[in-house]
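If you're matching them up, the sequences are chains Z and L in order.
Note that my numbering gives residue 374 to position 374 of the first sequence, counting from 1, and the numbers run on in steps of one.
Note that my numbering gives residue 282 to position 282 of the second sequence, counting from 1, and the numbers run on in steps of one.
Please note that a few of the clues may not be correct.
Covered stretches of chain Z, going by a simulated chain L footprint (3 or more residues, C-beta under 8 Å) [stated by the list, open to error]:
#, segment
1, 73–79
2, 262–270
3, 402–413
4, 448–456
5, 477–483
6, 504–518
7, 589–598
One side of the interface only, derived from the structure: several residues of chain L facing chain Z at Cβ under 7 Å [unchecked claim]:
#, residue
8, Tyr5
9, Ala25
10, Phe28
11, His79
12, Thr83
13, Trp169
14, Gly203
Calculated directly from the structure, the hints in this document are not laboratory data.
A virtual CB, placed ideally from N, CA and C, is assigned to each residue, including glycine.
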Amino acid sequence: MPNLLRLATAGSVDDGKSTLIGRLLFDSKTIFADQLAAIERASRDRGEDYPNLALLTDGLRAEREQGITIDVAYRYFATPRRKFIIADTPGHIQYTRNMVTGASTADLALILLDARNAIADQSRRHAFLATLLGIPHLVVCVNKMDLVGWSRDRFEEIREEFRRFSMKLAVPDLTFVPVSALHGDNIVHRSASMPWYEGTSLLHHLEEVHISSDRNLIDARFPVQYVIRHKDFRGYAGTVAGGVFKPGDEVLVLPSGFTTTVSAIWGPGGRPVTEAFPPQAVTLRLADDLDVGRGDLICRPNNRPHVGQDVDAMVCWLTERGNLSPDAKYTVVNTTRTTKAVVTSLDYRMDITTLHRDETAESLALNEIGRVKLRTQQPLLFDAYRRNRACGSFILVDETTNNTVAAGMITGPSQSVVWHSTAVGRAERGSTGCTVWLTGLSASGKSTIAVELERRLVAAGRPAYLLDGDNLRHGLNADLGFSAADRAENVRRVGEVARLFADAGLVAVVSLISPYQADRDRVRAAHEQAGLGFFEVFVDTPIETCEARDPKGMYARARAGEITGFTGVDDPYEPPVAPELVLRPEQGDPARMAALVIAALDRMPLPRMD
Amino acid sequence: MATTYELSDLRALEAESVHVMREVAATFERPVLLFSGGKDSVVMLHLAAKAFWPAPPPFPVMHVDTGHNFDEVIQFRDHTVETTGVRLIVSSVQDDIDAGRVVDETGPRASRNRLQTTALLRAINENRFDAVFGGARRDEEKARAKERVFSFRDEFGQWDPRNQRPELWNLYNGRHRRGEHIRVFPLSNWTELDIWHYIRDEGIQLPPIYYAHRRKVFQRDGMLLAHTRFVTLLPDEEPFDATVRFRTVGDATCTGCVESTARTPEEVVAEVAATRVTERGATRADDRISEAGMEDRKKEGYF
C-alpha cells in the first residue's frame, strides 16, 4: 500500500536545490514532455546550453524574472512505493516565514550542503528550523561532489562538521548522502563515481524511511471540528489529532469534563471504523446526549491534554506589517478552538544562526523567532508541540487586517500544572513509571541518547518524558549556579521531579552531568523509598572525546580560564560505583545506545508496591 | 489483528479534503461549490457528500455556464443534481453578454473562457457567497502550485500572489470582511493520477466524454478539438472521425481531446500513468496564451 511522505526543502539558487528537485522529478519520470519542452525553450532563451531543471520549480513570474524563489511551491511525484509532496521554499533568511510554513507539515527535511565549502549559516538555520518545527527526519545532501573529485575524505569531513553542530539540536534521525544533483549521482541510482559510499540513493532513502511511528499514537485527542445533525442523527466530525479511538472507549469531553462512551465511529461516507487514528477524518457518536460543540476536545479520562489560559511558546513572526510586542492582542487558533490572546511577555529573541538568546529583546519583526508567554481569553486544550504537533501548534491572526501574523509552538503551560488526580492510585495508571538517569561529562552524548530514548519509548507506547539538565536550568533551576552546593540542589530538584513523574506512571529520562556520587545516591534512595525503579546509566565517554566535540565551546573556555568549576577540567567527576548500565562510544551511535538502554530496562524487574 | 495504523495515500488525501470541507462548513456563513461536471468538480462533490454524511452537504453548487457546453456534460450535471438533491445555481455568461456587461469575442478563434470571470464574480456578489470551493489542483499548473488551500480574494475578487496569507499545519485562516471571499481548494494536493485512482476505487460516475468514444474532431494548434455547433472551421481545417476521450472538460470551443481507447476508469488510470504530457498542456488552448497565462487570469479572479 503506497503511503504519503511530505518533505520540506529549503535552499537558494547557488546550492543547487532546484536542480536537485528537478533531478528527482526528471529521473523518476515525473516531468512531462511538454514541461520539459518548455524548460528547454526557456533555457535556450536564457543562453544556457543544458535544460535548466531549476526552471521547473520556479513557478511565479517574479521568480522567473528575478531568478529567485519567493514562496512555498508544492511539487508532487510518486513511485510505486510512495507518493511524495515536496514543500519547496527559498533559503535566505528573509524567507524564514516561508520555510517555517513549508516545514510545518513535513515528515522529513532535506538540507543541501555544498561539498566545496564549510557549512553555511543558511544550512545551520535550515537545520534549526527543521528541529524547531518538529520534523522527525533530516537528510543532509552533500552536493556538488563532482567538484571535489568525488572525495570520500571531504564527505566525511563535512559530515563530522555537521554532526558536531547538530548535537545542539534535537535531531531524532539524521542521514547523509553524497550527491551531484547536476549529474544525478546518488539521486535516483547509486553513483558509480563514489563506490566508497555504502548508503542508498536519496530516492531510495525517501522511499524507505519509516514515518508511521512518528505520529503520537499514545495520547488520544479528538478536537471537535463540526457537529453533523440530520433528523435524529447527531455526530461529532473532526480529524484525529493523536492516539487511537475505538467504539466502546470511555472518553472525557473537555472543557466540560463530562465522561461518556464512544458508541460508533464512521469514516467519510459512513464507512464503519473500528480504530480511528491520526490523521483520519471521522465522525464519532457518543452514548450520552451531551452539549458538545466545535472547539471542544474528546480524550481519554486518564490521559488529558493541558487545560489552561497561560502558555509558553516559541513563535515565528510572519508579517512585515508591524511587529510582535508584549501586550498586543490577537486571535489565536489552536486545533479547532479560536479565542483571543494577549502576549504577556517576550522571554527572548533567538538568533537562528548562532542560537544565541537575546533576553533584552522587546519585539519580534518579520522572520524573527522568540519565546513568548501568552494569556488566552478562553482556556486552550493543548499538548506540548514536541509531544504532539497537531495539539501544540497555533497561529495568531491580526484582528484588524485578518492576516496570519505568527506561527506558534507551545512548549508548555506557563504556570504550574494543576494535579487533578490525587484519587488515582499508581496501580490504576496505564503504565508503571521509573527513572532513567544518564550521568556523564559535558558533551559525553547524554542528551542525544536521552532524546532518542524518549522518542523510542513513546513510539513503543510507553509514556516517557525527558528532563534535560540544560533545559531545566532555564526554568526550574534558573536560580542556580555551578557551585558544589548549587549543583547538589540542582540534582535534588531534578531528582524530585523525576520521582514525581515516575510516580505518575512515566519513564522519566534524566540527562544531567550530576558529578557527585552522594547527590545521585540521595536521588536513588528517594526512589527506592517510594517503591520506584531508579536506573543509573553512566555515559562513559573519555574526556578527550568530549573535549574534541565541545559543541558549546565550554571546554575551550574552561581551559582558557574563562569559566571555573567546570566538571572534568577544574571540578571533579565521580564515576558511578555500581551503575545499572555503562555506555561507551565504541558501542555505537546514540540510536544504538538508546536501544541498549531499552533492552536493559526491559530486563529490569519492576518494583512492586504492596 | 495486528495493525500498523497506516493510511494509504488516497485515504490520506481524502481525509485532508474532508477536513478542509468541514472547516469551511464550520466557519463560513454562505459557502458554495463550483460544479462544472468536470471530473475534479465531480470528485469534489463526492467528497462533500462523504464529509457530511449522513446529512447532505450544507451548501449549494454553482455552474458558471459559458453556453458552449458539451451536451453530455449538461445532461450529467442535471442528472447529478436530480439524484443527489443538491441545489444548483447557474450563472450564465450569456446573461452578461445580453446585459452588455461583457462583449463576446468574434471570429473562428473566439472563446468565452475569460468571460467566465465576470459571471463568476457577479454570482458571488449577488449570492453573497463567502467561501467558494474550486477543484483546482496544484499539479495542474505552476501558478497554482503556489496557491493556498484557503486563498483570499479582495472585494474585487482578485488574487495577490505576492501577498498570500501564510498557511501552516492544518490551521486555515478564512477571516475576511464583508464583500471579500475565500476560494477554497480541497483537492490542492491531488494529482491527475490520484483523481483517477479515486474515481476507479470509489466507482464515481463521470460524463461519458471522459471515456473513449467516436466523434467528429479537427486539428488546431496541434490539438484535437471537437467539431461542435459552437466552432467555426478555418479554411484549412477538415473534420474527421476519431476515437477520443477528454482529459479535462471546459468550454467546448477550447477543450481539446486526445486519441484514446480507454473505455473504463481502469484503462484511463493505465493511460494517465503512462502519459508524458500534462493534462492542461495537452488539451487546454486557454492555458497556452503565455508562460504566465494562468497567473494573469487568476489575479483577475478566474477559478
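So, going through the hints one by one against the coordinates:
With a threshold of 8 Å between beta carbons, the proposed coverage of the segment 73–79 of chain Z by chain L holds, since 5 of its residues qualify and at least three are required. Counting residues of the segment 262–270 of chain Z whose beta-carbon sits less than 8 Å from any beta-carbon of chain L gives 4, enough to reach three: the coverage restraint holds. Coverage of the segment 402–413 of chain Z by chain L holds [criterion: at least 3 residues with CB-CB distance below 8 Å; count 4]. Note: the segment 448–456 of chain Z has 0 residues with beta-carbon separation from chain L under 8 Å; the three-residue rule is not met and the coverage is violated.
Given a C-beta distance limit of less than 8 Å, the hint that chain L covers the segment 477–483 of chain Z is violated, as 0 residues qualify and 3 are needed. With a threshold of 8 Å between beta carbons, the proposed coverage of the segment 504–518 of chain Z by chain L is violated, since 0 of its residues qualify and at least three are required. Here the segment 589–598 of chain Z counts 0 residues with a CB under 8 Å from a CB of chain L, which misses the bar of 3, and the coverage is violated. For the restraint placing L:Tyr5 at the interface with chain Z, the shortest Cβ-Cβ distance is roughly 4 Å, inside the 7 Å limit, so the hint holds.
At about 6 Å, the closest approach between the beta carbon of L:Ala25 and any beta carbon in chain Z falls short of 7 Å, and the interface hint on this residue holds. Residue-level restraint check for L:Phe28 is violated (minimum Cβ-Cβ distance to chain Z is 12 Å; threshold 7 Å). Here the hint on L:His79 is broken, as its CB sits about 20 Å from the closest CB of chain Z, past 7 Å. Against a cut-off of 7 Å between C-beta atoms, the interface hint on L:Thr83 is violated, since the closest Cβ of chain Z lies about 16 Å away.
With 7 Å as the threshold, the beta carbon of L:Trp169 comes within range of chain Z, its nearest partner Cβ sitting at about 5 Å, so the hint holds. A distance limit of 7 Å between C-beta atoms decides the matter here; for L:Gly203 the minimum to chain Z is near 12 Å, and the interface restraint is violated.
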